[in-house]
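Visitor: Chains V and A, in that order, are what the protein sequence lines are.
Per the working numbering, the first sequence starts with residue 1, numbered consecutively.
Per the working numbering, the second sequence starts with residue 1, numbered consecutively.
Be aware that a few hints might be false.
One copy or two, either will do: identical chains are not told apart, so a pair holds if it fits within one copy or between any two.
Listed next, the in silico DSSO-like pairs over lysine-lysine satisfying Cα-Cα at most 30 Å (straight line) [to be verified]:
hint, residue 1, residue 2
1, Lys-184, Lys-136
2, Lys-171, Lys-132
3, Lys-123, Lys-171
4, Lys-17, Lys-191
5, Lys-17, Lys-91
6, Lys-16, Lys-67
7, Lys-127, Lys-91
8, Lys-176, Lys-127
9, Lys-191, Lys-123
10, Lys-16, Lys-200
11, Lys-8, Lys-91
Calculated directly from the structure, the hints in this document are not laboratory data.
2 protein chains.
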Amino acid sequence: MANSTKKKKSPSDRIKKAALDLFCQFGFESVSVRDIALKANINVSMISYYFNSNDNLYQALFKDYFKVENDFYDVDNPLEQLLNLIDFYLKTNCSNWQLFNIICQEAGKSNNSLLSTEIFCLKESYKNIFSKILNKGFSANIFTIHNSYYIFDLLIGSANQFLFEQISQYKSSGNKNELVIDYKPFFDFQKKIIENILIKNAS
Amino acid sequence: MANSTKKKKSPSDRIKKAALDLFCQFGFESVSVRDIALKANINVSMISYYFNSNDNLYQALFKDYFKVENDFYDVDNPLEQLLNLIDFYLKTNCSNWQLFNIICQEAGKSNNSLLSTEIFCLKESYKNIFSKILNKGFSANIFTIHNSYYIFDLLIGSANQFLFEQISQYKSSGNKNELVIDYKPFFDFQKKIIENILIKNAS
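All chains, please: the whole structure from these sequences, using the hints.
Guide: Dropping the structure here:
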């Protein structure tokens, strides 16, 4: 019973799932509405019925992904804030790995695609929060002074590379189960790195 | 005189330049031979004349990029080897930033594009060299023991993020001069990170 309920997806969910799979596999610009309809096994007119326009379909897919919650400041210690931010980044991208994969492909293009502005704003949000937390740590004399742009490159860049490797391995393995990424060991590694390079008087 | 010589590019160079620009801007799969001919201001048949097939054109663009020189072992000290490898990686990608940009876009796809096998092999080459150098350092009791996959993610991931940021800034600035990336300060940052986390008895 539970199983059959799980399998019965609404047409709009089937459209979203098909779009995600195809964008992730072939890239955002190479997939047509017809491809999506074919993969979702529905009539192409259903896509307009449910989503009105392509823009609405894209927004339905990405709307939650582009929100960066701002509750990192709830705790007072800048080290805890930084770890919360990294944890949030890893968790968000693990649970939305197909969106992460699409973003990676799109980020390098400069053709003003539908996504490019949103990708730019997302990166700026993270950079701003990063920079605020780092500056707070410097002012409080907890962090050693480093170039905050490079610290961003180091922590976000390595997180991206980690996620990317997990996704590549999953894709090339041909495994049909849902991808579940255990990011905990990598998070612990990043924590050690942060303590080694940012914390003052680290032994 | 020097200027006019500089401007007179052979048709085959013009084709390669146009292809690079377009692939970099719109992605590898979205660009047709017609687009390339239009941008290079030549007849479309010239592309077959000079390159015979699309495959040959792609190979002409990428043939040097996919070579990883193996002279990192020329020096004996694993720390020097590691720094040479990072320096080589940054230098190669700075001087071929458009190819780097195309690779980033293509790497996430799983559609067995012309490039996907070569991208996979390139990454594996770097991983192997990395792993050999790290193991040598561990055996010689110079490096502290860490997960070598994560060290790869940390150093290559942050280098990618750094390069990516430089390219994005250049693209959005609308600057028409050739992009010259000064990676030296970032290399020094990575050197400090390596010394802090990998070298035994680092103060």
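Visitor: Tell me the numbers of any earlier hints that the structure contravenes, in ascending order.
Guide: 4, 10
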